[in-house]
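K.L.:
Listed here are the chains, written in short residue letters.
6 protein chains.
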Amino acid sequence: MKQVVTFGEIMMRLSPPNHERLTQAPALAVTYGGGDANVAAALVQLGQPAAHAGCFPANPLGHAAAEHFQRYGVDMQHCVFSENGRLGLYFLEVGASLRPSRIVYDRAESSFAHLDPAAFDWAKILDNARWLHWTGITPAISASAAQACGAAIAEARRRGLTVSADVNYRRNLWQYSQRAQDVMPPLVAGCDLVVCTEGDAEDLFGIRPAAGAPNSFVSMAEQLIARFPQIRQVIATKRETQSASHERIRGLLYQGGEYYETTPYDIAPVIDRIGGGDSFISGFIYGTTVHPADPARALAFATAASALKHTIAGDINLVSAAEVEHIVAGNTTGRLLR
Amino acid sequence: MKQVVTFGEIMMRLSPPNHERLTQAPALAVTYGGGDANVAAALVQLGQPAAHAGCFPANPLGHAAAEHFQRYGVDMQHCVFSENGRLGLYFLEVGASLRPSRIVYDRAESSFAHLDPAAFDWAKILDNARWLHWTGITPAISASAAQACGAAIAEARRRGLTVSADVNYRRNLWQYSQRAQDVMPPLVAGCDLVVCTEGDAEDLFGIRPAAGAPNSFVSMAEQLIARFPQIRQVIATKRETQSASHERIRGLLYQGGEYYETTPYDIAPVIDRIGGGDSFISGFIYGTTVHPADPARALAFATAASALKHTIAGDINLVSAAEVEHIVAGNTTGRLLR
Amino acid sequence: MKQVVTFGEIMMRLSPPNHERLTQAPALAVTYGGGDANVAAALVQLGQPAAHAGCFPANPLGHAAAEHFQRYGVDMQHCVFSENGRLGLYFLEVGASLRPSRIVYDRAESSFAHLDPAAFDWAKILDNARWLHWTGITPAISASAAQACGAAIAEARRRGLTVSADVNYRRNLWQYSQRAQDVMPPLVAGCDLVVCTEGDAEDLFGIRPAAGAPNSFVSMAEQLIARFPQIRQVIATKRETQSASHERIRGLLYQGGEYYETTPYDIAPVIDRIGGGDSFISGFIYGTTVHPADPARALAFATAASALKHTIAGDINLVSAAEVEHIVAGNTTGRLLR
Amino acid sequence: MKQVVTFGEIMMRLSPPNHERLTQAPALAVTYGGGDANVAAALVQLGQPAAHAGCFPANPLGHAAAEHFQRYGVDMQHCVFSENGRLGLYFLEVGASLRPSRIVYDRAESSFAHLDPAAFDWAKILDNARWLHWTGITPAISASAAQACGAAIAEARRRGLTVSADVNYRRNLWQYSQRAQDVMPPLVAGCDLVVCTEGDAEDLFGIRPAAGAPNSFVSMAEQLIARFPQIRQVIATKRETQSASHERIRGLLYQGGEYYETTPYDIAPVIDRIGGGDSFISGFIYGTTVHPADPARALAFATAASALKHTIAGDINLVSAAEVEHIVAGNTTGRLLR
Amino acid sequence: MKQVVTFGEIMMRLSPPNHERLTQAPALAVTYGGGDANVAAALVQLGQPAAHAGCFPANPLGHAAAEHFQRYGVDMQHCVFSENGRLGLYFLEVGASLRPSRIVYDRAESSFAHLDPAAFDWAKILDNARWLHWTGITPAISASAAQACGAAIAEARRRGLTVSADVNYRRNLWQYSQRAQDVMPPLVAGCDLVVCTEGDAEDLFGIRPAAGAPNSFVSMAEQLIARFPQIRQVIATKRETQSASHERIRGLLYQGGEYYETTPYDIAPVIDRIGGGDSFISGFIYGTTVHPADPARALAFATAASALKHTIAGDINLVSAAEVEHIVAGNTTGRLLR
Amino acid sequence: MKQVVTFGEIMMRLSPPNHERLTQAPALAVTYGGGDANVAAALVQLGQPAAHAGCFPANPLGHAAAEHFQRYGVDMQHCVFSENGRLGLYFLEVGASLRPSRIVYDRAESSFAHLDPAAFDWAKILDNARWLHWTGITPAISASAAQACGAAIAEARRRGLTVSADVNYRRNLWQYSQRAQDVMPPLVAGCDLVVCTEGDAEDLFGIRPAAGAPNSFVSMAEQLIARFPQIRQVIATKRETQSASHERIRGLLYQGGEYYETTPYDIAPVIDRIGGGDSFISGFIYGTTVHPADPARALAFATAASALKHTIAGDINLVSAAEVEHIVAGNTTGRLLR
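Chains as they are written, first to last, in full-length UniProt numbering: chain B, 1 to 338; chain X, 1 to 338; chain E, 1 to 338; chain Y, 1 to 338; chain F, 1 to 338; chain S, 1 to 338.
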């Protein structure tokens with residue numbers, strides 16, 4: 001099987017253990033993650049090959065970040081190690097009950113932000129690919145990142161690959177001279193599949209569910225597809241967060257004029273909420289690849305994968321396809337497997 | 001008070017901390033356990049002396065396993081250290097919420113499997129005993145283990161000891177030339193008390209609850225006693241597993257034509273589910289010894305002991321009789337004790 | 001802003017990690033706490049300056065205890081380091097579900113118990129103060145501690161400071177020659193604000209809610225104020241402990257003839273229950289200082305602060321005023337903050 | 001083989017890992033030790049049975065201390081669990097290079113100090129014994145401890161057991177009403193073997209090496225034997241401490257008019273210096289039992305055992321006789337054993 | 001006693017435990033340090049009060065950094081918390097034997113680099129001071145940092161304080177528009193005491209030891225004093241690094257035309273080499289304050305303090321004056337202190 | 001550059017931290033290693049691509065082992081995951097000073113031992129290779145492993161690759177029906193480069209240095225080359241182990257009639273001795289590739305690489321070529337790199 005290729009920034013994540021606060025922690029657990037690379041790594045666990053393209057500082061931290069994804073089988077040969085910039089970091093305080101988890105970002109001036117678009121030869125990178133996936137975080141980081149993202153999408157379209165995006169609008173990330181509302185539309189226009197919430201659609205594209213629409217997600221998705229006719233599938237998770245320790249999620253899909261919604265999964269306790277969305281999209285890529293004619297099945301797989309992710313430490317959804325199918329089949333009581 | 005003697009294999013347990021998966025863990029917590037030795041150790045905590053007979057490799061791992069049980073007061077003087085075989089291991093991934101805990105066994109070719117039945121002088125081992133307890137795992141391991149188990153039961157009967165068994169049928173353990181269905185009946189025939197679920201009874205003895213029986217456990221127990229007239233008590237826990245983090249258990253007992261069932265305990269979060277059954281039987285041995293005329297009381301003690309075990313790290317139920325009685329008395333809200 | 005000054009003993013707290021029992025723990029987490037110093041430290045986190053007066057052994061343990069509070073911004077310049085006595089310790093087993101947390105105290109013969117009342121120059125200590133807070137634990141420790149506490153209250157009254165107390169009657173602490181029932185009333189008589197439960201009021205002052213009173217807390221508070229007319233505010237938390245892992249609390253206040261009660265907060269899981277009461281009183285001092293004319297708001301702040309404390313490791317409530325206000329504003333679902 | 005019986009206090013040892021200071025440590029490693037019980041535990045590792053008699057608080061700390069020695073095979077059945085007193089503690093800072101290791105004792109008012117001499121039935125305790133060993137720390141703790149020690153020695157003499165003592169004078173331990181110089185002589189008079197340095201001999205017995213004596217240890221030993229004619233063997237280690245990380249030790253023995261001295265062992269790095277003396281005496285008891293006619297061999301064994309102890313974490317010398325013999329045979333280069 | 005005031009950047013230090021490399025570490029130990037603040041903290045441990053002025057991001061990392069120094073008694077009231085910039089970090093790999101320790105700096109764009117000189121009111125900050133200390137790292141960071149440093153020195157001179165500097169030239173730090181060779185001389189001109197090696201003197205001031213000078217340090221110091229006549233004392237450590245685990249240091253001083261040099265200390269193993277220079281200067285400030293007329297004694301104290309620092313984990317020299325004097329008195333064999 | 005391909009078993013390594021013994025360790029550090037795969041991984045760190053062929057159980061342990069080498073860049077695509085057998089383990093106690101490190105192997109019945117030679121298509125595996133490396137451990141494991149090893153060598157010769165072997169005779173590994181003395185010679189006959197000590201040569205090939213030979217290594221190498229004329233280079237390390245914490249090594253090479261020997265490196269302390277030989281051969285492969293005409297330089301590189309390995313935790317030599325060259329250039333004092 002050919003590869004799914006992802007493109008984006010990978011950061012070091014530093015997190016106090018045992019629900020400690022940053023001001024009291026004598027040690028920090030280290031892992032690495034990025035919204036797009038997490039998708040690649042999860043796909044490999046599910047059994048579908050994936051590669052990631054990114055840019056890292058040519059120092060031990062950059063190498064450690066890349067090696068983390070190598071470990072889980074992601075093809076990192078297209079990554080660039082640069083003398084410019086640093087490794088982006090984020091510090092994660094893990095909340096509990098009514099205390100929220102909290103992230104302190106420290107990602108400014110990263111090597112990825114300073115990447116040289118010419119360093120990525122997309123014809124070569126995508127030569128063995130079947131799919132390109134990116135997130136809205138990538139073009140938010142810098143003009144050069146946005147430019148490289150656009151070049152990747154253009155090459156992918158040229159080659160007839162499937163293109164997906166998690167549009168994922170984060171207002172405070174967009175700090176260079178261009179506006180998300182200008183940068184994102186031409187990029188999204190090249191996508192076949194998007195993860196997009198109603199909030200994202202309004203913020204980025206000015207799309208509001210039609211007044212009185214019976215289902216606001218459907219109304220949004222219809223307008224999105226009307227605006228960007230390449231899009232064939234719009235998906236999202238709907239979270240009903242009960243507490244920092246108890247999440248309830250369901251999966252939503254609009255495709256071919258049809259609306260699909262799963263029953264919810266309750267996750268309590270939540271072990272690690274980071275990467276929940278990334279595991280949803282990787283689950284959907286897997287599901288729609290394996291069951292191309294059965295959207296409900298693909299969505300069920302994606303949602304179960306995301307539910308499982310909340311029980312896995314770290315950014316990456318370290319679960320096999322069999323483990324996800326076990327959940328899809330209704331085995332949600334966590335009975336000991338010997 | 002004389003000893004309860006148990007016989008069986010003790011394994012090293014290696015477990016990633018903090019709900020990590022085995023593929024990501026840089027360190028593994030070490031403890032030791034075995035379905036029968038756990039009963040012995042729990043009994044000592046409750047205040048009743050116990051000894052364990054087993055077989056270990058004569059290397060640091062074998063000694064560490066034995067010393068773990070010595071630490072908690074089990075008389076290990078009858079254990080054999082052998083040049084044959086290795087220490088059995090099991091790797092435990094601790095699940096959470098809808099992700100199940102999962103065990104990878106690595107116990108083949110253990111010293112216990114290779115034990116020499118002649119190395120166990122049951123007349124001497126049982127000289128200071130009042131009770132013999134074994135589990136269905138022991139005869140499953142090897143022909144020589146089954147033979148030693150039979151010899152132990154025969155000697156116990158000869159001396160008029162009480163004999164109990166947790167029949168605990170595990171299909172994939174039985175890998176030597178004999179069938180569980182042939183090996184187990186003569187061993188169970190020597191027991192006064194058995195832990196047996198309806199599934200065990202069907203798999204091992206072909207006993208199915210009578211069609212239309214109002215209570216399938218009672219129906220099973222009646223047939224079991226009819227088949228093995230030495231048996232006076234049949235007990236079991238009934239689990240309604242809500243998730244890997246939330247267990248609900250109640251205790252069942254059939255004795256003297258009467259059926260007893262406790263109200264359930266909810267345990268959330270579950271700290272360590274391993275040994276939950278062993279703590280039930282040790283609780284019942286304690287309870288029925290202290291309250292021989294009050295089966296409901298014995299069952300209540302056993303069930304509370306098992307509930308508490310789910311909050312204790314490791315295989316062994318490290319709780320005192322007073323702590324169990326505190327639960328039996330209805331103090332289940334976990335109020336801080338100063 | 002002037003300081004809140006607290007007076008009392010600080011102990012080393014030694015606690016097995018991961019819900020282990022003391023008999024199985026190969027390492028103990030170390031922190032430090034005291035019912036009054038915890039109030040000072042929490043106030044500094046909330047943005048109100050505070051100082052603590054105490055007595056420590058002149059050894060590394062005493063210095064470590066004082067430094068722990070220095071770290072969180074408490075002014076420790078009035079602390080005394082003495083050659084008499086030792087640092088009090090307490091060992092905390094963290095329970096789970098129906099297994100209670102359990103404290104083994106080891107605080108006898110501490111330097112605080114042996115303090116010399118003359119070593120505390122209250123005129124100087126309170127020179128920059130606006131408020132004095134103490135707890136009923138302090139006079140319980142020794143006659144000299146009770147004497148110093150009385151001297152502090154007297155000087156505070158002389159200077160017109162606000163005085164508050166958490167009366168916190170612990171029967172087994174009172175082991176020197178005097179009775180709590182004799183020692184406490186004159187001290188409480190000097191207070192403007194007390195934390196007092198109905199149990200405390202009965203045990204210490206023989207106050208029982210009037211038969212048939214519609215609200216027993218109000219009845220108690222009315223009698224308390226009648227007895228000690230300096231008192232203007234009586235507060236308490238009402239706990240409905242569900243399990244060692246699930247707490248439900250609400251705040252109660254009687255002031256100016258009015259009764260206030262908050263809606264409850266559920267905390268599940270509880271990360272650390274110790275200091276829950278101390279965080280309530282520090283929250284109330286903060287709240288009533290910032291909103292002197294709005295008792296309900298002060299109480300809401302205090303209760304949210306206490307709820308948050310249950311999610312914070314250690315004795316001290318390491319949360320900012322903004323974080324408490326976030327809860328007061330209804331954000332209790334623990335949604336990730338980026 | 002019959003048991004060696006030891007008598008004395010066991011303390012909890014709390015130690016910052018990684019050479020941290022107590023003022024900076026967020027966690028403390030826990031182990032347990034006592035100068036006499038360490039001898040018992042080491043003997044069991046060497047293959048000679050041993051029992052220990054002591055007194056512990058009847059709380060989880062006391063049980064944990066006793067279980068630690070049970071784990072390593074010491075027969076603890078003669079230990080007393082008392083409602084009086086606490087578990088003695090000591091805090092150990094592990095130095096490095098020119099920074100010394102440092103102990104903060106917190107052992108006042110222990111259960112052992114408050115022991116009731118009548119609680120120890122020495123006839124029963126020594127019934128299965130061949131040897132009694134005690135240290136000078138025991139009579140230093142309290143009058144009742146000294147009294148029990150005297151009773152043990154008297155009963156041992158009555159039964160013809162060998163009695164040994166590590167006289168180990170620690171000036172600041174003797175804080176009750178009696179003087180070491182009065183208490184120790186009658187106890188030492190009952191010994192066959194003593195560990196005694198020249199400093200101890202001078203401090204306790206006023207014995208000074210004869211002026212101009214060619215070997216001051218021999219001169220001291222001769223006088224000691226002259227004073228206490230029951231003594232047949234005087235041993236000691238001679239330490240040439242190079243740094244907290246580099247120790248050099250040799251063993252000294254005076255017996256039957258002959259002087260023996262081993263060549264020195266260099267230990268660098270030192271992993272754990274505590275218990276170095278206890279491992280010397282346990283090694284000598286083992287060695288003199290196995291090689292009664294070859295004092296030099298016994299001494300060589302003792303010295304090698306002590307050298308090895310410096311590489312073992314914790315108070316107890318967890319090495320086998322074969323491992324000690326490996327060193328005695330000259331294998332000191334630490335070559336990897338596969 | 002009045003305060004020693006230091007000014008400079010504090011960074012978070014992240015370090016793999018157990019000599020691991022950054023690419024393999026699953027967790028990083030956290031501490032905080034800065035070349036000037038380390039001096040302040042060490043002085044407080046020695047018994048001399050100190051304050052630090054710095055600039056931190058107004059986020060949990062910035063607060064944690066400041067709290068770390070508060071913990072060890074440094075007066076941090078003059079620190080500024082800013083919305084600009086981030087907390088500087090450094091990643092430390094701890095080497096061993098012939099593998100060097102290695103630092104990856106990640107300090108660009110820190111809040112300290114972006115400080116506003118007007119935010120520091122030196123008249124107020126130095127109001128309670130007797131001494132100002134700074135390092136050559138501070139003016140290297142940014143033009144505004146250099147400007148604030150100059151303002152501090154000017155105010156200190158105006159008030160007649162002693163001013164000291166560790167000139168500490170680090171070529172790759174100077175990355176803004178100005179040259180060290182232009183910025184440093186006017187700052188050094190305001191100093192009474194400097195730490196300066198011959199390399200620093202040549203790089204910064206073009207001072208080379210006179211050809212044929214019998215002692216190159218003396219020759220350099222004479223020229224330095226000739227150039228900057230305010231300087232009365234020039235000090236340095238001379239390192240003969242044997243390996244990453246074995247350091248040999250001696251102290252050098254030129255004062256009043258006299259040259260002083262200590263005998264060397266060997267430190268093996270080195271526990272933590274970071275802050276070795278800072279501990280030397282803090283030791284010298286202490287020593288010259290206590291023994292103003294005895295330069296050799298001050299230098300001996302400084303050198304012993306620095307030697308001890310190499311055995312202390314973290315940036316800060318957590319040793320008391322008594323502990324340093326113990327070394328000065330020749331107790332360098334690390335003999336256990338009970 | 002084409003790949004170096006290695007073939008052999010990878011085991012899980014479980015090791016108590018902090019020099020603990022296995023009988024006392026509550027947790028074990030986990031890593032993975034194998035004598036041949038370690039060579040592949042080290043080469044990737046040095047900058048030369050490498051692949052490994054092996055056989056693992058199709059369970060989480062097998063995947064974790066493979067992922068560990070993926071992490072460090074080894075191409076693992078040719079590895080086989082099998083339903084037969086288990087993951088081999090080894091338990092490593094890390095010694096100190098005169099206490100040796102000690103390995104308890106638990107590798108019987110591994111998936112590698114049970115490999116199917118037909119599962120390895122050497123034409124495909126070696127298609128992108130320039131070099132094949134194997135160790136004498138591989139043919140020792142089982143007949144099928146030996147057969148696969150022979151097939152690999154044959155295919156490598158057919159393709160004109162360089163073939164190297166670390167003959168590494170371990171007597172107690174050879175437990176199947178064939179003798180090392182029969183199996184090894186035809187395999188070694190296919191090699192261009194061998195690591196071989198004089199002991200190996202005698203045990204495997206009956207080669208003894210000529211009586212009176214001035215250099216026994218040269219004499220052995222000459223005979224080895226005479227026997228196996230394909231061999232062009234014979235290398236070895238000469239260890240002068242001082243203690244478990246202090247190693248001294250030098251490198252030896254015989255090539256083209258010339259003998260080369262490096263000066264020794266002292267390593268103290270040794271952080272991790274395992275893989276010292278593997279790092280020597282990987283260093284030599286690197287060195288002889290980069291400096292084909294300068295054998296002394298290749299040997300110097302290999303020896304420095306091996307010296308550095310002793311300071312690196314885990315089996316794999318995680319050092320760059322630049323770091324090795326830094327040592328070769330004489331920078332062995334471990335001076336801090338900023």
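Keep in mind the hints are simulated off the structure, nothing from the lab. The structure displayed is predicted, hence computed values, not measured ones. Treat the hints with care, as some may be off.
The list that follows gives simulated cross-link-like pairs (lysine to any residue, SDA-like), each with its CA atoms no further than 20 Å apart [to be verified]:
#1 F/2 / E/336
#2 Y/238 / F/75
#3 X/2 / X/58
#4 X/238 / B/199
#5 B/238 / B/198
#6 X/124 / X/49
#7 B/238 / E/211
#8 F/238 / S/333
#9 B/238 / E/336
#10 B/2 / S/75
#11 F/238 / S/336
#12 E/2 / F/75
#13 F/124 / F/59
#14 X/124 / X/80
K.L.:
The structure should be examined with respect to each hint, and the outcome stated for every one.
P.N.:
Results for each hint:
no., hint, result
1, F/2 / E/336, "46 Å, violated"
2, Y/238 / F/75, "48 Å, violated"
3, X/2 / X/58, "29 Å, violated"
4, X/238 / B/199, "47 Å, violated"
5, B/238 / B/198, "10 Å, holds"
6, X/124 / X/49, "17 Å, holds"
7, B/238 / E/211, "52 Å, violated"
8, F/238 / S/333, "15 Å, holds"
9, B/238 / E/336, "15 Å, holds"
10, B/2 / S/75, "18 Å, holds"
11, F/238 / S/336, "15 Å, holds"
12, E/2 / F/75, "18 Å, holds"
13, F/124 / F/59, "25 Å, violated"
14, X/124 / X/80, "14 Å, holds"
This entry does not satisfy hints 1, 2, 3, 4, 7 and 13, going by the numbered hints stated previously.
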